[in-house]
Amino acid sequence: MGDHLLWFVAGIAALALGADSAVRGLAGLARNRGVAAFGVGLVLAAFGGSVPDVALNVGAVAGGHPALALGNMIGASIVNLGLLLGLAAVVAGPLDVRSPVLKPLVIAQVVVALALLAMSHNGRIGFLDGAVLVLGFVALSVYVLGFAGGRAEPEVRAQFEAEGEQRSDAALNLLRIGIGAAILVWAARTTVEHAVGLAATAGVGDLFAGLTFVAISASLPQIALGLIAAVQRRGDVLMASVIGSNLLNLSLVLGVSAIWQPYPVAQSLVQLELPVLLAFAAMLYPLLRGDMRITRGEGFVLLLAFAALHTYQWWSVLR
Amino acid sequence: MLIQILILAAGVAILAVGADVFVRGACGIAERLGMSPFIIGLVVVGFGTSTPELAVSVGAALSGSTDIAVGNVVGSNIANVGIILGLAAVVAPLAVRMRMVRVELPIMIGISLLLWALASFGVILRWEGVLLLAAFGVFMWFLLRTSKDESKQVQDEYGAENPKGKASWRSGLFIVVGLAGLIGGAQLAVESATSLARLWGMSELLIGLTVVAIGTSLPELASSVAAAYRGHADIAIGNVIGSNIYNVLFVLGATAVVAPLPTTAPTLMWLDIPVMIGFAVVLVPMMLMGLKVTRANGVFLLLAYAAYIAVQLQVSSGG
Chain C
18 MGDHLLWFVA GIAALALGAD SAVRGLAGLA RNRGVAAFGV GLVLAAFGGS VPDVALNVGA
78 VAGGHPALAL GNMIGASIVN LGLLLGLAAV VAGPLDVRSP VLKPLVIAQV VVALALLAMS
138 HNGRIGFLDG AVLVLGFVAL SVYVLGFAGG RAEPEVRAQF EAEGEQRSDA ALNLLRIGIG
198 AAILVWAART TVEHAVGLAA TAGVGDLFAG LTFVAISASL PQIALGLIAA VQRRGDVLMA
258 SVIGSNLLNL SLVLGVSAIW QPYPVAQSLV QLELPVLLAF AAMLYPLLRG DMRITRGEGF
318 VLLLAFAALH TYQWWSVLR
Chain R
4 MLIQILILAA GVAILAVGAD VFVRGACGIA ERLGMSPFII GLVVVGFGTS TPELAVSVGA
64 ALSGSTDIAV GNVVGSNIAN VGIILGLAAV VAPLAVRMRM VRVELPIMIG ISLLLWALAS
124 FGVILRWEGV LLLAAFGVFM WFLLRTSKDE SKQVQDEYGA ENPKGKASWR SGLFIVVGLA
184 GLIGGAQLAV ESATSLARLW GMSELLIGLT VVAIGTSLPE LASSVAAAYR GHADIAIGNV
244 IGSNIYNVLF VLGATAVVAP LPTTAPTLMW LDIPVMIGFA VVLVPMMLMG LKVTRANGVF
304 LLLAYAAYIA VQLQVSSGG
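Protein chains in written order, with our numbering: chain C, 18 to 336; chain R, 4 to 322.
The set of hints was computed from the structure by calculation and includes no laboratory data.
Misleading hints may appear alongside valid ones.
[Stated by the list, open to error] Not everything, but these chain C residues come out facing chain R in the computed CB check (under 8 angstroms):
(1) R310
(2) Y329
(3) S333
[As the list claims (entries may be wrong)] Counterexamples of contact, computed for chain C against chain R with all Cβ distances above 12 angstroms:
(4) P279
(5) M300
(6) L321
(7) A325
[What the hints assert, rightly or not] The following residues of chain R were derived to be distant from chain C, with all beta-carbon distances above 12 angstroms:
(8) I10
(9) V61
(10) W144
Model, not experiment: these values are computed from the prediction.
Backbone N, C-alpha and C define an ideal beta-carbon position, used for all residues, glycine too.
Taking the hints into account, I'd like the entire structure generated from these sequences.
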């Protein structure tokens, strides 16, 4: 137990470090090749936070623990919507979102959650389902890039440009990418192995581990960055991080994994976590409607719902 | 069979009279102790009129028929809103205070959801009963603490409901006699209802949901309709919301401590508890709209209750 815990924590920390190094390297290299700071910042904000999740997912699927991977993807998405958004609104006060492109993405997130629920009803997410998810992600990306390139407002543009500023020395960045990737490979394997060990000693399944403690720990860096963005009043960056990483995880990563090897989907997932994910995704729409703002009170409700879900999950295994 | 029906009617009548006598005795004692009129009204009317449910459920658990306990509480909560609040609103439209919508109603919705979560595990364990009782203690402490902020007008209104103070020996006698009537009547009602259920081939759940639930709600019905007629809307609504909270926290908590309660009755999870939650949630827009439960709302509640009983009968006779 103690050993597993120690290595798990080390793995999580290494995942965060490796992801940070690799992401900075990639961003700097992109700036070096002449990509605009806005574009780099947008991609960084949207997908940077899910690099640890992606690495973990690859490690878990390759290591023969698809339930852990699936649980982590869904768990991390719920963490983003409930814990991160809720905490940010409660800590930093009302979150204002200005970018109009986020509205269709909120709806896209609901559609993806709905699609996952529908696909899971036969007990597996297979090749065809994966292909649909990946195609959906590609279509969405093309739409967003077209939208964001043309119509971003100056205020929003400034928020993302600040994100995208990186040192652009090519050699340094290549080194960062190399080191980051190496750390990620080791960290993903270590984390998966000891998360599974922890789950076994605690007497819970891989799926449960992925949904609960693995999802929260792997999201800690993203939560920290999100809170900083919220305090600095960059609501669009925070929102892009939440929705971007959820769409990436739930459609592209899940889709690619399912094409490679179908996921078995447990009944409990269809009954509890997927509907909860759908509810969280759907809740954003009325929250943002009209004032495009998440108030402290609304953040508190999100946090409360998240706490209730996790209490319920632990309660159901501990009794 | 006729004898069983007579015994059931007699048991329910003894229950109602016993509750009334008990409440009057408790009022006298409370006034002797110098408690504020508001506290006497809320605690005594809400809590005192819930004692029949407590007696029925604990009595059922002691005699080993635990199936009826959860069904009784759920049915009673549905009847409280559907019949009692519905009828009270038809008698006279009920004005609502904002505090009711902001504090007590969300607590009632949250507790209904909590019951759903607990019931989903198939059995409510002893230590979960202890937790419910602890939550009940916290709720009572909260009520007493916040009651100091209540406006003078509300306090007068509640105070007017209570009979003038009597000699304390008489109040004590009332409490003893009332409790005896409650326990004896409950015993009679449960026994005759159970044998009637077997005679007619109905599930114990259905009997708990209809006959016993309505029977044990008669004290609430009488006091709420009378309060509405006299223009004391706060008491009618407070009584219903208070009773529903007491029913889950105190009645089910105490019953589960006596014996673990199975929640595997066929319609409980997908019909009865969701209907109970629905009746709680539908009150939010009703009360927010003009801070009033109108006659039309009352008719709607009554019709919804009738529809629910119709579905319940259909399901239990068909399946």
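key: Those earlier numbered hints the structure runs against, lowest number first   = 1, 6, 7
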